[in-house]
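Protein chains: 2
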Amino acid sequence: MYRSHNNGQLRANNINESVTLSGWVQKSRDKGFMIWVDLRDRYGITQLIFDEERTPKDIMNKAKTLGREFVIQVRGTVIERDSKNPNLPTGDIELLVSELIILNTAKLPPFTIEDTTDGGEELRMQYRYLDIRRNPVKDSLIFRHKVTQEVRNYLSQKDFIEVETPYLIKSTPEGARDFVVPSRMNEGQFYALPQSPQTFKQLLMVGGMDKYFQIVKCFRDEDLRADRQPEFTQIDCEMAFVEQEDILNIFEGLTRHLLKEINGVEVDKFPRMRFDDAMRLYGNDKPDIRFGMEFGELNEVAQHKDFKVFNSAELVVGIAVPGGASYTRKDIDKLIDWVKRPQVGALGMVYVKCNADGTFKSSVDKFYDQDDLAKWAEATGAKAGDLICVLSGDTNKVRPQLSALRMEIAERLDLRKSDEFAPLWVVDFPLLELDEETGHYHAMHHPFTSPKPGQIELLDTTPGAVKANAYDLVLNGNEIGGGSIRIHDKETQAIMFKHLGFTAEEAKAQFGFLMDAFEYGAPPHGGLAFGLDRLVAILGGQETIRDFIAFPKNNSGRDVMIDAPAAIDDAQLNELSLKLNLK
Amino acid sequence: MYRSHNNGQLRANNINESVTLSGWVQKSRDKGFMIWVDLRDRYGITQLIFDEERTPKDIMNKAKTLGREFVIQVRGTVIERDSKNPNLPTGDIELLVSELIILNTAKLPPFTIEDTTDGGEELRMQYRYLDIRRNPVKDSLIFRHKVTQEVRNYLSQKDFIEVETPYLIKSTPEGARDFVVPSRMNEGQFYALPQSPQTFKQLLMVGGMDKYFQIVKCFRDEDLRADRQPEFTQIDCEMAFVEQEDILNIFEGLTRHLLKEINGVEVDKFPRMRFDDAMRLYGNDKPDIRFGMEFGELNEVAQHKDFKVFNSAELVVGIAVPGGASYTRKDIDKLIDWVKRPQVGALGMVYVKCNADGTFKSSVDKFYDQDDLAKWAEATGAKAGDLICVLSGDTNKVRPQLSALRMEIAERLDLRKSDEFAPLWVVDFPLLELDEETGHYHAMHHPFTSPKPGQIELLDTTPGAVKANAYDLVLNGNEIGGGSIRIHDKETQAIMFKHLGFTAEEAKAQFGFLMDAFEYGAPPHGGLAFGLDRLVAILGGQETIRDFIAFPKNNSGRDVMIDAPAAIDDAQLNELSLKLNLK
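From first to last, the protein sequence lines are chains X and C. Numbered per the numbering used here, the first sequence spans residues 295 to 877. Numbered per the numbering used here, the second sequence spans residues 295 to 877.
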């Protein structure tokens, strides 16, 4: 038996007990006549003491050889500490060691195993197994486990069944790029790894499974943006005999349950916002509503004068920055530089200071008088002491620009509190999205999304106006989940495929089995999927997902710890009937 | 709202309530003036009644058009049934329908949606979404969910953390063949899909995660035997600071918990059997101990006469078939034919009838007298009325032959009761296994398995005799789990790699990151993995796993429903820097 207790367990009431502990040497202080060692494991730290007077000489000598991260086992007696450490749960006691076994030595780690480490990102990834010893990473993984357990328990209690769908499936050109897997037994053929279990969960509904969920890995061979992973985890859900309202209620319940159980936060009924309103008020389909600064559209009150920039713009729109009237000229110039960065892309920014005395001072005073500016303040909700920032241009460009500015200012003003949670349903998404390059429409959500009742006729005339029974769950400015009511009849699905540019043959080749299934009595159904990595990160009060993934890949899709991907040998390629075709 | 209740819910106390139901038409009986419809969903069946006197005429007419598997929604009043059906939970009531909506029509299914279907295996797989509507398949999937929930809850309560390990890893030639995944972003390189998370769970132990589990898909590109799947699910576990005893206790606890919660069966402490004893007594390392018929080795009592077949054999071994003395000559000839089938491969079988009067009648009476045969009866435990079946030959051939016969006879005598559970630990497995073709030893469990203390020196002299800290959990003659204590120091691991025929370079290329990790303070650790598909099938009282997998593949690794794998287009191949190289 390697241990009778773990290192987070011993308290004052264990004093005088003989115990056995195992763990890693966190640090060692050698005063010559006395040595203290902090012994660490997943559960905590216990202080060991070796002293000349009470510890056998050979043990004392062995203790002097202990280096950082050595793995040791000790036996001894729990004693009261002279100087207690109130910051440590075991801080009332220490272990007077009578036996010491070195289970394993350790080379000096390439970075310190402390909450704040001196290791850079790349080094931490290469030695991820050491990084995981650090509390921030270890605690994030334990936190993730707690979240998934709560999800499973909640959904199971609601009669959902977790069903494992296959990983070796069929490649479909729709959506992102698939990872493929050559089949040795079926020469020249390939499986694909699922981008999501979408079709399988719909088939489970056709199969009468009624309420399905699965916490499941999904795969997308995309060029990776920061904080995207080629493999990621979804909480995938589907229900039969439901309308949108049923689905929103169930998953609002799940999210509320998580906020309560995990974060101890009680949240009222989640607000709902139409996609069009989210775009109008926040320039964004996943608005962070923990703070205000809603957009004020200014076309009516800003396009009646000679300011050509505004008059030629499709949209003139502003936000009120609380307390911004006190910004210096230099502060404001920095904001202007910020919106002109290529990542944001604005051409410039107009501003209005709302002075304490009720007057206004703007960068466009030569075009607009105090009455004009008062109307701007009204439209943006600016109060005395605020700064109005105004951008203009094409609607689909200026909205994301102002949205980026709004988030940046909120960040600077510390309005995005990580312990505050503001969930929001965004509903009534457009069914189709115009690809500006090709001029074709493609499915905004996916090709099985149902149009709103009575809108299918609009597909022929104004496809961009058709709204879908589709919804996103937004938390603190992040999309954490999304879904839709599906099309459950073959006729509607055929119309959709036609509008998405699939020929009947292509649709049959790609989705024939689903369309066939719909002929045998498909029930009305719909669902939702949460992005688990992000959900966990946000519940954990963070915005980056990497520390919530045990072994993440870098931005080139590489696992730098195991050095994958890697070359395989020719025999393996031959067996798969493949040859390299390097460029 | 599509339903106020599900179809398994209504009881006598709902009589006179107005309710809404949805589901599939299981069957319809039309008596002209009255129509009964069985409405089915996941939860059960409710009888609907339409009758000339009480149902509006248009509803009556619509009801006459309902075909099998139509999806409908009905509103009506719960009434008491005239003739109650005690076999149906809802059998006291029926629903008098006042409104009928056909949500979807259905083509006639290619097989009947009944507990016993007329659909063959291939057809059921092709239309798996219809097969899942059948109770045996649906209930198996729900059963699987319950088992995994219990596993997760039990292990979580024991402080295990479920950690997701990556699916896109690195190919290793050790063990079975990997499925590989070409990387587009890393030209000419491949990921591999994990055969198990073995190295990652060991790295998690090095990372201090202490107690890990994961219910996880694994992949092996093997030529498929019956009842094997290219993707399968493991309950994968690992613990640090443990000895074999700790691991056996935890997972015995888990298995006992499952048997109790899932099957309502209380099982005492699991017996343990050494590998050598299992082979000697059952000819098998996963003996079914629900029944006796243990092997009796007969060399000493059968090699002293002139029967050359026995005298030249390495092993003469028999079992006593209860009540077999009454078999006719024809019965026995059939048994002899059975063991001579190529799948078993015995050259013949000697038998002894143990007559009720205490005398013996054997097929080798000309070589052996009654005293000889009495000794055989003693060695095999045969009693009056039994039949002793004796095989002989090379030990490693005759043991599996007699084991097969033992299982076959148990099957025929109905001794393998599916509601009886006999778990067993098989321990002290050999560390290495001789590959008879190559003459090389390879790891019986895997290359990280620790030899028993003090046995590592034997590796140089008698490698086949070295025993490992490795164990299997056997349930009803099936291996449901297996694991080992791992090697946690680099020196022992290096010795093992040498004996397994890896050069230092090969070992470094394959497992370098693990060996590196072991230099930074690896704790003693070990673990176990359960095969979930089989575990669930056995707990469910079945031996085939296919109905416990939602979307299984056939023996060529094909998903016949979605028709995967399939060809991919040249553009996709080009992006991956690959060319087909068909034979």
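Please note: incorrect hints may appear among the correct ones.
Because identical chains cannot be distinguished in the list, a pair is counted as satisfied if it fits within a single copy or across any two copies.
As the list claims (entries may be wrong) - Below are the BS3-like pairs computed for lysine-lysine, each with C-alpha atoms no more than 27 Å apart in a straight line:
| id | residue 1 | residue 2 |
| --- | --- | --- |
| 1 | Lys711 | Lys580 |
| 2 | Lys356 | Lys784 |
| 3 | Lys784 | Lys401 |
| 4 | Lys602 | Lys660 |
| 5 | Lys660 | Lys792 |
| 6 | Lys877 | Lys325 |
| 7 | Lys784 | Lys873 |
| 8 | Lys660 | Lys378 |
| 9 | Lys432 | Lys602 |
| 10 | Lys554 | Lys634 |
| 11 | Lys452 | Lys432 |
| 12 | Lys877 | Lys660 |
| 13 | Lys321 | Lys624 |
| 14 | Lys655 | Lys580 |
| 15 | Lys511 | Lys452 |
| 16 | Lys624 | Lys358 |
| 17 | Lys321 | Lys784 |
| 18 | Lys655 | Lys784 |
| 19 | Lys432 | Lys784 |
| 20 | Lys432 | Lys628 |
| 21 | Lys432 | Lys511 |
I should point out that these hints are in silico values taken from the structure, not numbers from a laboratory. Keep in mind that this is a model prediction, so the values were computed, not measured.
Each hint, compared with the structure:
Only within a single protomer do Lys711 and Lys580 lie at most 27 Å apart by alpha-carbon distance; the minimum there is 17 Å, versus 58 Å between protomers. Taking CA atoms no more than 27 Å apart as the test, Lys356 paired with Lys784 passes between copies only; the shortest distance there is 22 Å, against 76 Å inside one copy. Only between protomers do Lys784 and Lys401 lie at most 27 Å apart by alpha-carbon distance; the minimum there is 12 Å, versus 64 Å within a single protomer. Taking the closest pair of Cα atoms, Lys602 and Lys660 come within 27 Å of each other only inside a single copy of the chain (12 Å); across copies the shortest separation is 119 Å, beyond that limit.
In this assembly of identical chains, Lys660 and Lys792 lie within 27 Å of each other by CA distance neither inside one copy nor across copies; the values are 54 Å within and 85 Å between. Proximity of Lys877 and Lys325 under a CA criterion of 27 Å is satisfied in neither setting, with 63 Å inside one chain copy and 73 Å between copies. In this homomeric assembly, Lys784 and Lys873 never come within 27 Å of each other (Cα to Cα): the closest approach is 41 Å inside a single copy and 37 Å across copies. In this assembly of identical chains, Lys660 and Lys378 lie within 27 Å of each other by CA distance neither inside one copy nor across copies; the values are 69 Å within and 89 Å between.
Proximity of Lys432 and Lys602 under a CA criterion of 27 Å is satisfied in neither setting, with 57 Å inside one chain copy and 68 Å between copies. In this assembly of identical chains, the alpha carbons of Lys554 and Lys634 never lie at most 27 Å apart, being 41 Å within a copy and 66 Å across copies at closest. Taking the shortest alpha-carbon separations for Lys452 and Lys432, only the inter-copy value of 17 Å comes in at or below 27 Å, while the best intra-copy value is 31 Å. Taking identical chains as interchangeable, the C-alpha atoms of Lys877 and Lys660 are never at most 27 Å apart, the minima being 59 Å within one chain and 79 Å between chains.
Proximity of Lys321 and Lys624 under a CA criterion of 27 Å is satisfied in neither setting, with 48 Å inside one chain copy and 79 Å between copies. In the homo-oligomer, the alpha carbons of Lys655 and Lys580 never lie at most 27 Å apart, since the shortest distance is 33 Å inside one protomer and 86 Å across protomers. Taking the closest pair of Cα atoms, Lys511 and Lys452 come within 27 Å of each other both inside a single copy (23 Å) and across two copies (25 Å). When the C-alpha separation of Lys624 and Lys358 is checked against a cutoff of 27 Å, the pair qualifies neither within a copy, at 58 Å, nor between copies, at 80 Å.
For the identical chains of this complex, Lys321 and Lys784 are inter-copy neighbours only, at 24 Å across copies versus 67 Å inside a copy, given an alpha-carbon limit of 27 Å. With identical chains, the CA atoms of Lys655 and Lys784 are never at most 27 Å apart, being 61 Å at best within one copy and 72 Å at best between copies. Taking identical chains as interchangeable, the C-alpha atoms of Lys432 and Lys784 lie at most 27 Å apart only when they sit on different chains, with a minimum of 25 Å there against 49 Å within one chain. When the C-alpha separation of Lys432 and Lys628 is checked against a cutoff of 27 Å, the pair qualifies neither within a copy, at 39 Å, nor between copies, at 63 Å.
For the identical chains of this complex, Lys432 and Lys511 are neighbours both inside a copy (21 Å) and across copies (23 Å), given an alpha-carbon limit of 27 Å.
Comparing the model with each numbered hint stated earlier shows that hints 5, 6, 7, 8, 9, 10, 12, 13, 14, 16, 18, 20 do not hold.
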